[in-house]
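Novice: Protein sequences, first through last, are from chains A and B. So that you can map any letter, position 65 of the first sequence is 65 in the working numbering, and since no number is skipped, the others follow by simple counting. Here the working numbering runs 144 ahead of the position in the second sequence, where the first position is 1.
Treat the hints as calculated values from the structure; they're not laboratory data. Treat the hints with caution; some may be incorrect.
[As the list claims (entries may be wrong)] List time: in silico DSS-like cross-link candidates among lysine-lysine, alpha-carbon distance up to 30 Å: (1) B:225 with A:144; (2) B:203 with A:32; (3) A:84 with B:215; (4) B:166 with A:32; (5) B:193 with A:132; (6) B:166 with A:78; (7) A:33 with B:166; (8) B:193 with B:224.
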Amino acid sequence: MNSLNIEEIYKIIPQRFPFVMLDRVTELEPGKKVVAFKNVSYNEEFFEGHFPSRPVMPGALIIEAMAQASIILFSSAKPAVQDKQLTYYLGAVKVRFLHPVVPGDQLVITVEPLKVVSSAAIVKAAARVLDKEVASAEISLVAK
Amino acid sequence: MQDIDTEIRDLIAAIIEKEPEKIGPETRFMEDLGVDSMMALEILAAIEKKYKIVIPEEKLPELATLSATVKIAREYLAGKKNEQS
Numbered sequence: 001m002n003s004l005n006i007e008e009i010y011k012i013i014p015q016r017f018p019f020v021m022l023d024r025v026t027e028l029e030p031g032k033k034v035v036a037f038k039n040v041s042y043n044e045e046f047f048e049g050h051f052p053s054r055p056v057m058p059g060a061l062i063i064e065a066m067a068q069a070s071i072i073l074f075s076s077a078k079p080a081v082q083d084k085q086l087t088y089y090l091g092a093v094k095v096r097f098l099h100p101v102v103p104g105d106q107l108v109i110t111v112e113p114l115k116v117v118s119s120a121a122i123v124k125a126a127a128r129v130l131d132k133e134v135a136s137a138e139i140s141l142v143a144k
Numbered sequence: 145m146q147d148i149d150t151e152i153r154d155l156i157a158a159i160i161e162k163e164p165e166k167i168g169p170e171t172r173f174m175e176d177l178g179v180d181s182m183m184a185l186e187i188l189a190a191i192e193k194k195y196k197i198v199i200p201e202e203k204l205p206e207l208a209t210l211s212a213t214v215k216i217a218r219e220y221l222a223g224k225k226n227e228q229s
């Protein structure tokens, strides 16, 4: 069981500030499972507008956190891609949001593969806060 | 019980969001139905999950029509049964 700190995450995902939606990877079973978290702080810029009187993390950014964990999973399954400057595209997302995510929450993302091929992957993702599932998704992504 | 042709046709129809009736045995996925490589991978993954088989990536380009897809699924299903017996 490997963990990755933010510097190590930066080596894998192409996203940068202000669009890095993971703080740490706590479990990495190459090609099999990734568990990562994001600490959601009130200082996040998106809370200013989403929403002014009721801060809720946008669901689109929860999907983004899942997608970034998926990139880490894909790249661990296909180590050959790690040195290439790949761009990742979402192909399809089936998602269900179950509970709002608010400042102070630690958003824990788990992703597991459904199918991984050389330039694409379909994964199952879950987001939890304190062991309560807040979102679940099936995500297809393509690496180019 | 539905036959495997109908099951796979319905599964593909759900993924590509078309009416099952639009998918004939030789209807070309890419040219006639607008299926892209990502949808083809989703079809492959859905078939693997439904029949609990593993189809290698190399077979992906062969998933060009319903009849070709059913043929591949049958092939790997037969392989699975042989393994079990």
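Novice: Run the structure past the numbered hints and jot down the numbers of the failing ones, going up.
Specialist: Hint check: 1, 3, 4, 6, 7 fail, others pass.
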